[in-house]
Amino acid sequence: MAPEHAAPPTAPPPPAGPLLTMSGITKSFPGVRALDGVDLEVLPGEVHCLLGQNGAGKSTLIKVLAGAHQPDGGRITWGGETVALKSPIAAMRLGIATIYQELDLVEGLSVAENVFLGHEPTTAGFVVRGRTARTSAAALLARLGHPEVDPGRLVGSLSAAQQQIVSMARALSHDVRLIVMDEPSAALDPDEVDNLFRIVAALTADGVAVVYISHRLEEIRRIGDRVTVLKDGRAVAVGLPARDTPTRDIVSLMTGRNVEHAFPQRPQPVGQTSAAPVLSVQGLARQGEFEAIDLDVRPGEIVGLAGLVGSGRSEILETIYGARRPTSGHVVVDGNRLRTGSVRAAVRAGIGLAPEERKAQALLMLESVTRNVSVSTLSRFSRGGWIDRGTERSAAQQATRKLSLRPDRPEARIRTLSGGNQQKAVLARWLLRGCRVLLLDEPTRGVDVGARAELYAVIRRLADEGLAVLLVSSEVPEVLGLADRVLVLREGRLVHTAPAHELDEHRVLDLVMEGSPAA
Amino acid sequence: MPHNSANSQGATRRGILFGGAAVSATALLTACTSNEPSGKEAPATNNQPVADDKPGKKVTIGFAGPQADHGWLNAINENARERAKKYPDVTLDITEGSNDTAAQIGQIQTLINKKVDVLVILPTDGKALTQVGLAAMKAGIPVVNLDRVFASPQAFRCWIGGDNYGMGLNAGRYIGEKLKDKPNAKVIELAGLDSLELTKLRTQGFDDALKNYPNIKKVARQAADFTVESGQAKMAQLLQAQPQFDALWNHDDDQGVGALRAIAQAGRKDFLMVGGAGAKSAMDAIKADNGVLKATVLYPPTMSASAIDLARALGQGKGIGGMSELEIPASVTLYSAVVTKENVDDYLPQSFT
Amino acid sequence: MTHSDVSDASEVKPQDGITSPPHKSGRRPLGLRLDLRNLSLLGVLAVLIAVGGITKPDQFLDTGNLQLVLTQASVIGVVTVGMTFVIISGGIDLSVGAIVALASVWATTVATQEYGFAGILFTAVIVGTACGLVNGVLIAYGRLVPFIATLAMLASARGLALQITGGTTQIVTVDSVLDLGIPDAYVLGIPPLVLVFALVTVVGWLILNRTTFGRRTVAVGGNAEAARLAGIDVRRQRLYLYLLSGLCCGIAAFMLIVLSGSGQNTNGNLYELDAIAAAIIGGTLLTGGRGTIVGSVLGVLVFTTITNIFALNNLQSDVQQIAKGAIIVAAVLVQRRTVRDEHA
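Chains as they are written, first to last, in full-length UniProt numbering: chain A, 1 to 519; chain B, 1 to 353; chain C, 1 to 344.
Misleading hints may appear alongside valid ones.
List of simulated lysine to any residue pairs, SDA-like, C-alpha gap at most 20 Å [said to hold, decoys possible]:
#, chain 1, residue 1, chain 2, residue 2
1, B, K127, B, A103
2, B, K280, C, I164
3, C, K56, B, N212
4, B, K217, C, N314
5, B, K186, C, N314
6, A, K359, A, R445
7, B, K218, C, N314
8, A, K359, C, R228
9, B, K180, B, P142
10, B, K180, B, N215
11, B, K269, C, I164
12, B, K280, C, T173
13, B, K200, C, Q320
14, C, K56, B, R221
15, A, K359, C, E225
16, A, K402, A, G385
17, A, K359, C, R290
18, B, K218, B, G176
19, B, K186, C, E225
20, B, K269, C, L178
21, B, K269, C, E225
22, B, K114, B, P142
23, A, K359, C, T287
24, B, K287, C, T173
25, B, K269, C, D179
26, C, K324, B, S195
27, B, K280, C, T109
28, B, K280, C, V110
29, B, K200, C, D318
Among the chain B residues that face chain C by a calculated CB cut under 7 Å, a handful are [unchecked claim]:
#, residue
30, A68
31, N74
32, Q222
33, A223
34, E229
35, Q232
36, A241
37, D254
38, R261
39, Q265
To be clear, the hints were calculated from the coordinates, so they are not data collected in a lab. C-beta: ideal position from N, C-alpha, C; glycine also.
Go ahead and model the full structure; you've got the sequences and the hints to work with.
Shown next, in the form of structure tokens:
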């Protein structure tokens, strides 16, 4: 299905050969390896689903495919020939179009202007033929099942679903052979999803391939042909049949490990010390996010919170930390009730947080390791506001050495460190402050697989020294392997509590997904 | 117009008639009428009544000017107000000053709608406000255009304003006469805001005057922007650049405050300075005669008082005393007198702060 | 980094290009490591000095001219130090020029002048600081965007300054104030205004580099969310920063009174743009999180030196403005190149 003004693909690839192959694609950003040798193979006319958790590398992969990122290594072939996708324009010329989740439309321009943005039909090379553009845009919109969208309207005045149609019309305005759709159904009503699937079916009938990204397993079952699962920047399963691979297998591929980690030994007796809890959360609730959360964490204990994305895991940690204000309930540390909604109260009481988005929420990326570590403890190294930098540096270095942060160079810029060492810097910050409760939100997110075992050992050592640790992770094996006690969270409620050794991955997955549509 | 005669005349009459601000044009208005028993009665030369300070027909004058963010503009507003108060038959409708062209157009439009008898307009930008001047004239309201001239002569009945070229010319003549016997004399110029037409005219007049004195050479020019701060900064640089010169022509007395400050800071006394506009601080310094400032060339803010006189005459359908014509003139260019120690006492009452 | 040895990623050393020796724990002498950025700006300044020395050897390379350039730099320099703090914190202060104007006219009213030197100094500093306080409260607690809050302050402070003066120039008659500006008051050949500028620079440098306040400023600008989650009171920090900028404006206003011998509502015209430009070419990131006082001061000196050279060569203001624009672009381009080399 090609638009009228664009020629149909001249030579359809032979049915047997794949349209696109990507092999061994790697891509690193400072501190993190986003793609670690990904393989992907897409056949003409198929709907190829790409699955993976947040941070698994999906968005980096589609940006490589769209020419927006250049891979560090690996090989891409298109119709059997090796190609380099040097820029978004190069990818478009080959016939690859991408519809991003955050729609990349210009709200102040009309529908037709958006559809033909960058390749406007022109006279003499620069006079835009507005009428031609509007007519062609109207034809594309009609084909996409939305003839009611006026090509002259401003995109900003359209609904989310209509905007997505415009985005799709833009993709089809090129001579397209592969369309990448990043969570296209996320903003749509069920009716609109049906229309989307109809469009996808029509596209594939014309031999256009679709790479479809979604979290909703039932959609993949309805329209998908094959599935590739990404995890930690690698493809852990390639070309699974989309319709009959069991849900549990897919989920455990997404959340489970492809490399077994050595988790540190738990001390005996496990998590059942008689000591009074340091952290005690009572009836904590936030409207629309979670409710009636009660939990205790004792010194030396690691408590894990397991749950799916959207179950309220991170929100609970941030509320305990005072970064969000609860609608009811309170947090008690050492028997003292904290002022709610105050980070400073929480920090003063001895709580530390290693947040989920390390770069956005914890690190000063332009600064040195020392300054990142000491930022919460500055007043200790200062007299009348005057910082004793010698003491500061040696104290920070003491903390980073204890966590074996490498390189052991206090002046190194934090952004030059690997993800694991950046995380250690965050932990060192709280270690230096002498905090009693450590809240860890996805502590191994963006940490290279091999470096995780070391980080686990560090966390366990901190607990052994008497810290109370509350851990959130979307990776069930991580929670099971590291925590002493596991709380299972579903849709904002605690549904189960048990010592970690009494649970296994399947049991937890059943608990977190019970009753959810994907199960 | 003879050299300075109108001014001296104005100065003598002032005491009798107003005891307040007066300039040459005012003198013209009043010179031959002060002893007439009634303004309604015809002077000898024609049947047209001439304006005087006796109460006559009630006149409402609308006055619109720019924002008074400069001493000179502030004096313009004050002089207009003061003058209007002198006449029991004049009601002054004065707008909030504005530097925004659109806002000023709106204000004038409002005055037109109020059906004032005469308009006095000092436009923020003469070209941009021409249309509203035309509109007023079309509505039958005569416009007295003050200082910044409209683009079309149809937009006003009478223009009255200062002479920027003449300022430069007279400053140049004064300096020329002082230095004419000195071989290889050097002068420098501290100009005003270079983006304004009036700055170019003042410089041009100055340069033209100096052409009559081949022994004098202008060696440097820097533009300040009418502020004390810029006057100090630019003058300090000029002083550093020119270790020796004989005279300085400074376009504006306000920026002159800064320039004098820079001269004091540099400890320089070896030249004479001529200012512009006629600020009180400058005249005080001229009178004290203890510094480099020896003269200032007038750009009289009293022109707004004269504009009120003209507007009143227009509103009452009278002519102008001392002239044979039945009507007031279409344009009045004021003389840029040179204020020196000798005549400073005459001008001090007209100075502005 | 290739994709070969994934399993021992924990052993992978971070790919940093900084070549300082490892385990260097000794103190650097007074932390005087000049940023590469500042080095490039010093280069620009050196070129300018060469140009000035070649075109006008007699007038340019002269003690009097050095005094002149530094004096002319001192007022805007003090404002720029305050501005640098605000920009490093990720904010902007568009009201500095207007605050200088308001403080300078308030401090030179007839009533204030009756209190003499102390009255003028005190009023200028208090008015400046109070304006900064209003900015800070609006931004930190009123949650206004700094651009909007300080734009509003710009408008109202200018308006208030005009209302106070009525458009007139307020001449200072207090001799002790005026005397500070003349050569008799120079200390070892250094004008008092330059001394104040130097003092503000040194104190600013110390605050930024040696105190918790400076550290928190950088943290707030580098990552406000991270700073908040690290337990820093971000709002109070912001309040103090605008207060500091206002204080600098108050000091600058007093300096301007000394320099020009008057107070006028047109004072401080476009200081906001000059101060921002100086900070930017001095290497301060407009997005916050990085910047140096030394760089900003060099930026001010570059601009003042350009003006000086142009005036000495009798070039007119149109050429001066064009050159200023070109210098801004050139300095930022040179800087970007140096920064890129640093990371290569």
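Status of each hint after checking the structure:
1. B:K127 x B:A103: holds (15 Å)
2. B:K280 x C:I164: holds (19 Å)
3. C:K56 x B:N212: The hint is violated at about 31 Å.
4. B:K217 x C:N314: holds (14 Å)
5. B:K186 x C:N314: holds (14 Å)
6. A:K359 x A:R445: holds (11 Å)
7. B:K218 x C:N314: holds (11 Å)
8. A:K359 x C:R228: This hinted pair holds, its Cα atoms lying about 14 Å apart.
9. B:K180 x B:P142: violated (47 Å)
10. B:K180 x B:N215: holds (7 Å)
11. B:K269 x C:I164: violated (34 Å)
12. B:K280 x C:T173: holds (15 Å)
13. B:K200 x C:Q320: Given pair K200 of chain B, Q320 of chain C holds - Cα atoms ~18 Å apart, limit 20 Å.
14. C:K56 x B:R221: Distance ~16 Å between K56 of chain C and R221 of chain B Cα, so the pair holds.
15. A:K359 x C:E225: holds (10 Å)
16. A:K402 x A:G385: violated (28 Å)
17. A:K359 x C:R290: Distance ~16 Å between K359 of chain A and R290 of chain C Cα, so the pair holds.
18. B:K218 x B:G176: Since the Cα atoms of K218 of chain B and G176 of chain B sit roughly 11 Å apart, the hinted pair holds (cutoff 20 Å).
19. B:K186 x C:E225: violated (64 Å)
20. B:K269 x C:L178: Answer holds: K269 of chain B to L178 of chain C is near 18 Å, not above 20 Å.
21. B:K269 x C:E225: It is violated: about 61 Å lies between the C-alpha atoms, which goes past 20 Å.
22. B:K114 x B:P142: holds (14 Å)
23. A:K359 x C:T287: holds (16 Å)
24. B:K287 x C:T173: Given pair K287 of chain B, T173 of chain C holds - Cα atoms ~17 Å apart, limit 20 Å.
25. B:K269 x C:D179: holds (17 Å)
26. C:K324 x B:S195: holds (17 Å)
27. B:K280 x C:T109: With a Cα-Cα distance of about 17 Å, the restraint between K280 of chain B and T109 of chain C holds, given a limit of 20 Å.
28. B:K280 x C:V110: holds (16 Å)
29. B:K200 x C:D318: Distance ~13 Å between K200 of chain B and D318 of chain C Cα, so the pair holds.
30. A68: It holds, given that the least Cβ distance between A68 of chain B and chain C is near 4 Å, below 7 Å.
31. N74: Hint on N74 of chain B: holds, closest Cβ of chain C at ~4 Å, below 7 Å.
32. Q222: Since the shortest Cβ distance to chain C is 6 Å, the answer is holds.
33. A223: A223 of chain B check passes; min Cβ-Cβ to chain C is 5 Å, inside 7 Å.
34. E229: Hint holds; E229 of chain B Cβ to chain C Cβ min 5 Å, cut 7 Å.
35. Q232: Holds. Min distance 5 Å.
36. A241: The hint holds - A241 of chain B has a Cβ within 7 Å of chain C, the shortest such distance being about 4 Å.
37. D254: holds (5 Å)
38. R261: With Cβ-Cβ at 4 Å, under 7 Å, it holds.
39. Q265: Holds - the Cβ of Q265 of chain B comes within 7 Å of chain C, reaching about 5 Å at its closest.
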